[in-house]
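Asks: The listed protein sequences derive, respectively, from chains A and B.
Each position in the first sequence, counted from 1, maps to that position plus 15 in the numbering used here.
Each position in the second sequence, counted from 1, maps to that position plus 15 in the numbering used here.
Quick caveat, the hints were computed from the structure, so don't treat them as lab data.
Warning: the hint list may mix true and false statements.
Note: identical chains are not told apart, hence a pair may lie in one copy or across any two.
To be verified - The calculated DSS-like cross-link candidates involving lysine-lysine, where the alpha carbons are at most 27 Å apart (straight line), are:
#, residue 1, residue 2
1, LYS202, LYS89
2, LYS267, LYS41
3, LYS46, LYS170
4, LYS172, LYS46
5, LYS230, LYS46
6, LYS46, LYS141
7, LYS323, LYS172
8, LYS202, LYS230
9, LYS141, LYS243
10, LYS41, LYS230
If you want the building blocks of each chain, they are given just below.
There are 2 protein chains.
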Amino acid sequence: MSEKEKKALTDISSLGEFGLIDHLTKHIQLKNPGTLKGIGDDAAVLEAGNELVLVSKDLLVEGIHFDMVYTPLKHLGYKAVAVNLSDIYAMNGTPAQVIIGLAVSSRYSLEALEELYEGMLLACDKYGVDMAGGDTTASPSGMVLSITVIGHSPKEKVVYRGGSAVNDLICVSGSLGGAYCGLLVLKREKAAFKGNPDMQPDLGSYEHVLERQLKPEPRRDIVELLNKAGVVPTSMIDVSDGLASEVLHLCKNSGNGAVIYEEHIPIDQRMAAVAHEFNIDPTTCALSGGEDYELLFTVGQEDYEKVKEMEGIQIIGHVADATQGAHLVTTSGQWIELTAQGWDGLKKREE
Amino acid sequence: MSEKEKKALTDISSLGEFGLIDHLTKHIQLKNPGTLKGIGDDAAVLEAGNELVLVSKDLLVEGIHFDMVYTPLKHLGYKAVAVNLSDIYAMNGTPAQVIIGLAVSSRYSLEALEELYEGMLLACDKYGVDMAGGDTTASPSGMVLSITVIGHSPKEKVVYRGGSAVNDLICVSGSLGGAYCGLLVLKREKAAFKGNPDMQPDLGSYEHVLERQLKPEPRRDIVELLNKAGVVPTSMIDVSDGLASEVLHLCKNSGNGAVIYEEHIPIDQRMAAVAHEFNIDPTTCALSGGEDYELLFTVGQEDYEKVKEMEGIQIIGHVADATQGAHLVTTSGQWIELTAQGWDGLKKREE
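Okay, chain A solo, but in the shape it has when bound (with noise of 0.2 Å):
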C-alpha cells in the first residue's frame, strides 16, 4: 500500500465505539417480520409465538476490558454473564439462557478455564439462567470472552429506549460510580504490584467499590419490584457506560431532552471517600465512570407515588423537550450540558 493510499484510510480510534456501529449499520433495513427491534437498544428484539424473545451479546477482551493481574478468573467468569443479563433486565425481560463463545491462548491452563466456567455456571445459577450452547476455539494472544444471552417478556412489558414522553420521571436504581473507583484502585495496587512483586496488597477498606467492579450484579430485583408494583418503565436502559452516556441514549432514543439534578444522583459514601482519595470529584465518576450496571428508566408521572417510597430507587430528573437539551443541574444551581465522555473501549488508552 502506498503512503497516499495509508493516509486516505480514517482510523476507527477517531469514531468511537457508538460512532463505529453507527456508521456501520446505518444502512441496516430489517427485512423479517418477526425482527421488531434490531441494532440500537440492550437486546435485539424477536418476535416467537405471543411472547418476545430478547438476544443481547458482549464480547470481553483480555487487555481491555480485563486484566489477568487482577480479575481472578471465577470473578471474571460471573461478571461476564451478570453484564449480559443486565442487558435483558434493562428490556424488562427474563434471561433464560447464555452462549459461551470462548477463545483463549495455550498460556491458559485447563483448571484456569474450570475457575471461568466456575463463575459463569455461578451467576447463571444465581439467576436460573442455561448456559445451552457455545464455541471454543484457540487463540493466538490473550483471551475473547463472547457472551450472548437469550430472554423473553410477554409483548405488553417488553420496554425500550425509546418511549418516554416529555415530563415523564427519571429514576435510576442503587449507586453509581464504585465501579469506576474500583478500578482505580486495581490499577494503582498493579502499578505497585510492578514496582513491589513481594507487596501484599491491603484492600480492606476498599471492599464496597471493589466488589462493584469485580462482581456487579443485575438489578433483576429492580425489575420485579417495579412488576409487582404495575408499572412499566415508559424506557429503559442499563448504565454501562456512565450516567451521562446512557441518559443521552434515552434522549435519543425517546427524541426527548432531559434534566437531572446532581443532589439526586446516588452516590455511596463509600465510593464518594475513594473518590476523593484520587482527587476525584464523585459526580465526576457517577456521570462518567462505566460498568455500575444498575437500570437508568423513565416512568410516566401517574407512577410518581409508587415510585418515590421504593427502596434503591432513586428519580434523579425528568424528560424535558428535544429542544432544550440534556443537562445536569449543579448543586450550585448551574445547568451543564450533558457530554458522553463515558467508558469507550475504542479510544486509545493509557494503561
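Dock chain B against the given chain A, drawing on the hints supplied.
Replies: Chain B alone, transformed into the frame defined by chain A:
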C-alpha cells in the same frame, strides 16, 4: 507460582476442542423448561410459543481461523455469516437474525471494517437474514469476530444430531475436501509471497478450491429440497470438521455405529487434482479436511427412492449397530475404523 504448581496444571491443547468443551460443560444441568436442547448440537433449541428458536454461535479468530495475508475482508465477512447460517440449516431450521460481536485492534481502518460489513450484509441479504444487533469493541491485537445466529423451526421439523436408527441411510450434500485444498493453496502462496513480495500469483486453475475455502455457501437449497420432498432427516450435522469427525458425532449422539463407503464419498475432480499436486489422497481431504459446510444427514430406508434421485445428494453408507463401531470401507474392500483427525483449533499448529 512455583515450578511445582506450574507442572500440576493441565495444558488445554492436550484435550482438543471437543474434549475441552466436554470437560467444562459436562456437569451442566438445564433448569428452564424452555431449554429443549443445550450444549452438544449445531444450535441450542429453545421453546417459544408453538415454534422452536434455534441459536448458534461461532468465533473466528485472526491467526487461528483466518490469515489476513490471504483473506479478503469481504470474503471473511461473508464466510463468517455463512458458516453460522449453516448451523441453523443443519437443524432443518430457517435462520432469521444474526448478532455480530467484533473486537478489532486500531490497525484496522474504518474502510477495512466497511468491507467486512459489506461481506456480512451480502450473506445476510442472500439468505434473507437480519443483522439485528451486536457489540463492537477494541482488541489489543488482531481481530475476533463472534457471530450468533438465531433461527426458527416448527416443532415437528427440527432435526438433531441424535435420532438415527440402525439401517438408516447416511447422506451428504455437494462434494468434500475442497475447502481444505483451497487452504493448502493459499498457504503455499503465502510462503511464496514471503520469499518474493513482488510475485503475482496465478490462482486461476485453483478457482474451485479457493472458492470452497473463501466463500462457502450454507446449504439452504438442500434443506428446501428435502422439505419439498417431504423428507425429514432422522439426524443431521454440517460438515465443518471433516466427514470422519461428523460421522462420529452423529454416531455418538444417536448411540449407533456407521459404515461409509469410500467409492461413494463425493469427490470433485478439481479438488482431486489439487490434492494430488500436494501428494495427499483426495479421500483423506474429504475425511479430515474441514470447512466444507455441506450437510451430513441420515434418512429412514423408506425415503431411499426419494433421496437417491436428488441432485447434489449422495448416499454414502448406512447407520450400524453401536457394537459394530464406525468404519470406512475402502475401494479395495478394507474396513478401516473412522477416527476424528479433523481440523482442531486447539491443537498446536505450525504456520
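Asks: Against this structure, judge whether each hint is valid.
Replies: Okay, the hints, checked on the actual structure:
Taking the shortest Cα distances, LYS202 and LYS89 sit within 27 Å of each other inside one copy (19 Å), while across copies they are farther apart (39 Å). Within a single copy, LYS267 and LYS41 get their C-alpha atoms as close as 15 Å, which meets the 27 Å cut-off; across copies the closest is 45 Å, which misses it. In this assembly of identical chains, LYS46 and LYS170 lie within 27 Å of each other by CA distance both inside one copy and across copies; the values are 20 Å within and 23 Å between. Taking the shortest alpha-carbon separations for LYS172 and LYS46, both the intra-copy value of 24 Å and the inter-copy value of 23 Å come in at or below 27 Å.
In this homomeric assembly, LYS230 and LYS46 come within 27 Å of each other (Cα to Cα) only across copies, at 23 Å, whereas the closest approach inside a single copy is 39 Å. When the C-alpha separation of LYS46 and LYS141 is checked against a cutoff of 27 Å, the pair qualifies only between copies, where the shortest distance is 11 Å, while the shortest distance within a copy is 37 Å. With identical chains, the CA atoms of LYS323 and LYS172 are at most 27 Å apart within one copy only, with a shortest distance of 21 Å there and 51 Å across copies. Taking the closest pair of Cα atoms, LYS202 and LYS230 come within 27 Å of each other only inside a single copy of the chain (16 Å); across copies the shortest separation is 44 Å, beyond that limit.
Taking identical chains as interchangeable, the C-alpha atoms of LYS141 and LYS243 lie at most 27 Å apart only when both belong to the same chain, with a minimum of 20 Å there against 45 Å between chains. For the identical chains of this complex, LYS41 and LYS230 are inter-copy neighbours only, at 25 Å across copies versus 34 Å inside a copy, given an alpha-carbon limit of 27 Å.
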